[in-house]
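6 protein chains.
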Amino acid sequence: MKDIYIADVASFNEGALFNSFFLVLVKQQRTSKTNKPYLNLILGDKTGQIEGRVWDPSDPRIAKDFEKGDVVKVRGSASHFDDRVQMKIDQLRVALPNEVEKSDLLPSTTYDVADLWRQLTGYVESFTNPDLKRLLNTLFADSELAQAFREAPAAKGLHHAWLGGLLEHVISLLGLGESVAKHYPLLDRDLLLTGIILHDIGKVRELSWVSGFEYTLEGSLLGHIHIGSVLAERAMDKLPDFPPKLKTLVLHMILSHHGKLEFGSPKLPMIPEALALSFLDDFDAKMQAVTSEFDKCIRENKPAGELTGKVWSLDQRQLLNTKRWLDDGRD
Amino acid sequence: MKDIYIADVASFNEGALFNSFFLVLVKQQRTSKTNKPYLNLILGDKTGQIEGRVWDPSDPRIAKDFEKGDVVKVRGSASHFDDRVQMKIDQLRVALPNEVEKSDLLPSTTYDVADLWRQLTGYVESFTNPDLKRLLNTLFADSELAQAFREAPAAKGLHHAWLGGLLEHVISLLGLGESVAKHYPLLDRDLLLTGIILHDIGKVRELSWVSGFEYTLEGSLLGHIHIGSVLAERAMDKLPDFPPKLKTLVLHMILSHHGKLEFGSPKLPMIPEALALSFLDDFDAKMQAVTSEFDKCIRENKPAGELTGKVWSLDQRQLLNTKRWLDDGRD
Amino acid sequence: MKDIYIADVASFNEGALFNSFFLVLVKQQRTSKTNKPYLNLILGDKTGQIEGRVWDPSDPRIAKDFEKGDVVKVRGSASHFDDRVQMKIDQLRVALPNEVEKSDLLPSTTYDVADLWRQLTGYVESFTNPDLKRLLNTLFADSELAQAFREAPAAKGLHHAWLGGLLEHVISLLGLGESVAKHYPLLDRDLLLTGIILHDIGKVRELSWVSGFEYTLEGSLLGHIHIGSVLAERAMDKLPDFPPKLKTLVLHMILSHHGKLEFGSPKLPMIPEALALSFLDDFDAKMQAVTSEFDKCIRENKPAGELTGKVWSLDQRQLLNTKRWLDDGRD
Amino acid sequence: MKDIYIADVASFNEGALFNSFFLVLVKQQRTSKTNKPYLNLILGDKTGQIEGRVWDPSDPRIAKDFEKGDVVKVRGSASHFDDRVQMKIDQLRVALPNEVEKSDLLPSTTYDVADLWRQLTGYVESFTNPDLKRLLNTLFADSELAQAFREAPAAKGLHHAWLGGLLEHVISLLGLGESVAKHYPLLDRDLLLTGIILHDIGKVRELSWVSGFEYTLEGSLLGHIHIGSVLAERAMDKLPDFPPKLKTLVLHMILSHHGKLEFGSPKLPMIPEALALSFLDDFDAKMQAVTSEFDKCIRENKPAGELTGKVWSLDQRQLLNTKRWLDDGRD
Amino acid sequence: MKDIYIADVASFNEGALFNSFFLVLVKQQRTSKTNKPYLNLILGDKTGQIEGRVWDPSDPRIAKDFEKGDVVKVRGSASHFDDRVQMKIDQLRVALPNEVEKSDLLPSTTYDVADLWRQLTGYVESFTNPDLKRLLNTLFADSELAQAFREAPAAKGLHHAWLGGLLEHVISLLGLGESVAKHYPLLDRDLLLTGIILHDIGKVRELSWVSGFEYTLEGSLLGHIHIGSVLAERAMDKLPDFPPKLKTLVLHMILSHHGKLEFGSPKLPMIPEALALSFLDDFDAKMQAVTSEFDKCIRENKPAGELTGKVWSLDQRQLLNTKRWLDDGRD
Amino acid sequence: MKDIYIADVASFNEGALFNSFFLVLVKQQRTSKTNKPYLNLILGDKTGQIEGRVWDPSDPRIAKDFEKGDVVKVRGSASHFDDRVQMKIDQLRVALPNEVEKSDLLPSTTYDVADLWRQLTGYVESFTNPDLKRLLNTLFADSELAQAFREAPAAKGLHHAWLGGLLEHVISLLGLGESVAKHYPLLDRDLLLTGIILHDIGKVRELSWVSGFEYTLEGSLLGHIHIGSVLAERAMDKLPDFPPKLKTLVLHMILSHHGKLEFGSPKLPMIPEALALSFLDDFDAKMQAVTSEFDKCIRENKPAGELTGKVWSLDQRQLLNTKRWLDDGRD
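Chains as they are written, first to last, in numbering that gives the first Met the number 0: chain H, 0 to 330; chain L, 0 to 330; chain R, 0 to 330; chain Y, 0 to 330; chain S, 0 to 330; chain X, 0 to 330.
Just so you know, these hints were derived from the structure itself, not from any lab. Just so we're clear, the structure is a prediction, and the values are computed from it rather than from any experiment. There's no promise every hint is true.
Straight-line alpha carbon distances no greater than 30 Å define the calculated DSS-like cross-link-like pairs of lysine-lysine that follow [claimed, not checked]: (1) S:Lys101 / S:Lys87; (2) R:Lys244 / H:Lys67; (3) L:Lys259 / L:Lys246; (4) X:Lys45 / X:Lys301; (5) S:Lys259 / X:Lys155; (6) R:Lys244 / X:Lys309; (7) L:Lys67 / L:Lys45; (8) S:Lys67 / S:Lys26; (9) H:Lys295 / Y:Lys67; (10) Y:Lys309 / S:Lys246; (11) H:Lys295 / L:Lys45; (12) Y:Lys244 / S:Lys309; (13) R:Lys63 / H:Lys259; (14) Y:Lys244 / Y:Lys155; (15) S:Lys301 / S:Lys322.
Model the full structure from these sequences, guided by the hints.
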């Protein structure tokens, strides 16, 4: 287990020593002002990123064969530069397999994944539609897919994205979907919940989460909407006597879930369940963005009456944390 | 009470007689091909509209002094023209006050208004925030306002709009709001529900529902967002020691509930409750449009596998009634 | 074979008799002013559409069991109404299978389909990439798919759309693609031509051309981009050792060929061949629209110096037929 | 009175001493490379902003209790860094009330405010409409509001914005409005001028100009359009027998003056006076932006034939100062 | 001189005879229900348009050789059809040259053209810039161009467009331009007024006003912006020693006067005079549209408190005539 | 001839001496931290740009009278700063006329200009339309214009733009135009090729390529579309009996070639040749952008399977070099 995290280093004094595992996010050859080669690295773990410099790459204590995406063990000291801390690296070796856990190296959901998964399978068990139930059971019987579904982030980028993010988002949507299906008798509950579970399943192949979160080349060229719809289509084709109408509806929900053509859905939602899915998906994503932004303000000790920074996913809007502001100065 | 409705007339044989009350929606002077003056009327009741013609306006059995907006009693016969039925009118007089109920003349909610109102006051009673509770109680203590709130349609136009439509929409939103407030601990439940109840309150003066549903001149020039925010502001100003923060938040929710500047909100939602309100408002309006469209297809006996017509409020999209289609041919 | 076409009827005198086969495009029950039921039909053949009326549907010479989409044999007379001609129908029966050819009933390409097909297979034969060659050969070895590909229109609607339209459009694009691939060494010629051949293949299931040209329900909900990409993906999956890179590129071309998200492509073109395909597809469609519009002006005897009507697919622009205008008054 | 301004400091030699009053715009705790804490300040006065550093915050000559927004007296020396000058601060204390004038600390209009105010009241005196005259007289009888109206900037941000900017903008519009009302007999002159005077009155509470120019929290959540319309509505409500029609028109002008929904007006201009107001407001704002940009080029000694930088409020357009260019090289 | 106008015919009784001159706007060959050929004409004069039918085109009293654009003398009788009046035409001959005045046949400005022209030349005389003065004097010394400038409409279409409309619009703009140039010292008055006079000069060749108002083919393909800039460029090229800077500025004003690329200006206004011109041009056009709409409401006896119809050039907005509404019920 | 290029300097060791000719792109007076004046220069040649510093501008070996746009001979040494190399300049003098070739100082086409020009004149020789042939021959008989046409870049900015770029782009378009004219019989080949040759001819005066590539003031205010159309119009006016129809068509092609109003064309393409020109122009520009981007990736040794950076002219899209990726790892 790691015992020193990047978040800790910020408070280190100049020259303080450390020794820990990190993920290599960027590796660059550079030349100093005095014309000597050095390595500039960006290292990451679940708490953030930090710049590290190897001033003497020819030193035998520095491994030669590591690359972006490798986990390395690093020994060095803190070095302050303006407002930031850098790492001066004296030793570096590639970590052994399993010497450190992946969940220490990338940000992860704060929920218990096993518990989230139990909730998901609980929803599937509750289905009265036997075809949709066996579709989901068959898909998740593929243990590799199920594992990827538990691990995948919901989006690229080191912020607003974390291991288990996809599952966390789906569980939140299932709760909303259950309420909404009760509210509007028009809606077929099992179909809506199936759409919720499958809408982003293509992300297990669109994204990779080995060294940071990135798009795969296949993901860039085909997108999770296509990848997910093909995954679902193949699963339905293999199930004996899967009703063709239901197949068309499930695929339509995956294809249309972005809600607008300009957001990359090749079809607009044309059934009530698809309309509901696209609204809930957008709403939950925005509520999560707001939550993250409020958490950030609290971490940064911003006053309760100050607006957040401009939130990218909300058209650069600034927001106010109502509850915190109303509570402020109350007692 | 009316015993003959416009929906009934469609099935009348040529020349069949009738005698009933209607609302005058349009009154036009015209001249026939043979150069004789006649009256062309559009008459309405809660079931629809029909064209009526008075071929001899000088007949003493035809009242001279009625206008658009009046309720009239009409005697005449059905007359088929191409695919439509018209009324040939032989007698016409202005109705006495209370001779017929307004709810027979304009489309109304299918719910029991008293019951909807009880639900509304039940929600207010459940508030733990005493300031928001007394704000709503004070507003609805104004019996004229409360009555208008129970009667108002949610929108102009004879379709998708009906007496009690505003209240029906608010009750549906309160149910959704309750679920959503439980789902996201971030949300202040009483503030969200207050925003739901007040967001469209300006419609009680933006719209008139005397002769059909129309914009008042004040409504056209100022809009329900301004009218509603002033209504709420005045009420809060009169309450002793109403917290200024809460006042700003309530007004912000009314001002921002259309969600986008181009939809007429002068401010974007900047607090989580306003964001939730704008999503739910849009979602509920669209689900109602879908429901109305599906009902229309059933009334018109369209096959279950045929798409609806193009739905104006959904970007001219066509929709499929999932449940009906899946059930079709099942037994 | 039909010997009387709808285009001929326009010049018939009042009351002139005729007797021919037509496709039933619309069938409606109506009631006359005198309250008698009659049938209003819209009948079509390859030359256009015409309205027909059965004034006495109970006549034993009128079949009872025909529906929209049926081919019927009709006997009646021409009847002029304002500027239009209608059919007054005295006899009507459902045609026997094969009593008339489908190509007489729907508009068709003016090219020889067998010749177009030979050109298509010629292009495939010329491929130097063995994988793309066997992909296309395998697909068209499915005789049902090949037949649909030869028959399908390129778009819905009775104008700008005809049997064989898809194939005609593909052949035109192959000619352009060949030139462009020579012009830019950057382009992989076989990959570009494969994309051209497959880009609209999903239309064979998105559209139906039995009774006029319409969207299938599956086509409305899933779209030809999804349907086509799944068709291609399945074919590649079945080919032993089909290179995964090539598979991704072929699918990317189908997914991105509309060129913009708002035109229904879930991905923008990200390889040179996809960029070229989306430009050529758009350009050829517009040149065909211009050609059709100019042909229409000539048929309608518009003067050479008069602009066309507003062309829908060119932003309601009006156009001038350069060659015709320059030639006008030359001799 | 201040005798040294930030604009002067730019020409100081390295190490030159100074001693003056400034406004604290930003105050940050930082740590140096050698791990010692220091203060980084941004200080402002009416001529600009400058960075200042307190390298030893524990020095007893440095006040401990000052904050952003305070006026401070500072003693130190100039320090050149690359192309910029910084202040090295040796002494710092909070200024006494009235030790320095606010107009020395924030940019101000170059016009005489008393004279602008006389022009404003002159226009009001000239009104023939008694109701609009007493409306404006009543509003400005509130001396706090009148004072704020004389002080407020027309917009946020240290450039294009200055104390008295709102009043200066209103006076310019009144001149234009007078001409336009004469030109178009359609226009009600007093109504147009009333709209001009009141359109931005909400800015007195939307903005604060204590420490730089900023949005108040109320201003961010409600906006000057709402705040101003409520201010006007309340004033009219208090006037006995104020004509309801006039009230609606005055409010409509405030609500619609941004001219487009997407610019934050909840209503489009629907009366000729509102249409004129929205045009003139936009035109005068742009002419001021152009003037400021030309002044900046002259200050920076740009050649007459060189375009300005990209002007943000004119879609990043570059402009040419016609008169200066035509005069250039003339003599 | 004409003594009967189309506006008069509306009140004629069935069969009333008339005899007058009209312009042939449309001429169509048609066939009646009984299969007989007849002519359908649309005839116009300065008061409007009317449909006319020649039921027996072979009658010797009906001229054979007239075409669209000809002036004809027509004798016939009024015939009512539904709400409209038609002309039944018994005699028709082509008018002799000068038998009737063009200003009787097309709508014209209500101002005295000679007086407008004197105002225009007065402005030019007042110029202090000798180059701009000789440019305009030279242009209008071309009597054909000057005559066309006095006659041209400001836009196509029979409404909002009339003979002399261009000159009327320019005179209105000159008045505004004079005021604005005084208001902003930044502006070069003579340059602004020159831009106002020349901005739409290309319309003299873009439009034709012989038979109604239409685009010429050259106008459709090149547009008045190009035509006008070439007209001005040629005139400047012929003037000895015309300053090149001034030439560029004059051309820039013509090219940029639509204010936005999407409105057909190939350049955005980049000098203050061009910015002012584009604002004033847009503003004056809209004020005229409002005036026309209000006049129409008065002609149609709409109540003062009723909004106008949707105004096309103001985004389908409805407007209120403030002065008329405030006066309504005052006495 | 230059023997040292900027691209070479990147690999120089610290302090290595050099001596060569460069173009002065930027010249700035600055002051160092120690308050001493120095010169900061940006110098360019055909291979790129580099920063150069004159630490002692008073040194007699440093010329005093050079300006932006001058060619200078510079002697100095390489100096590494972070990742970049700068020039420390010890001697600097203005170059003599013709001491160095312009093509060494600005990036140029990699094609042989004489050969490109032969291709261009070959196309003109092949015309069968005598009027279009003499138009082009007359234009290029103006040797100054012909020379400018051979030198001009196709766009501003040091990248994607080079001497001869306009001619290179036109030759590429002529090849495409020839193919397309054969493909669509609708197209008048000589007219299309004339449009291709003339569409950007205004760039010879819109741009200057003396010191880098910049817009002229005339170019900024009038644009190449106007400048080019006037150039063409004048040439046609001088040709005896040039057909007016052809003149209108040629001008229309120049005016409309950007394809959309928002891209600066005052007219949309309304003839088939103009439509084809606007498509091909856009397509060729994008294919060149893709080619440049791929070349850059190869120069930077990016792996074949990595996407390019975001390409500005393709909506910030990233692209994949298909051929290189497919070839990667093949052998």
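Query raised in the report: Going back to the hint list, which numbers does this structure go against?
Result: Numbers 11, 13, 14, in rising order.
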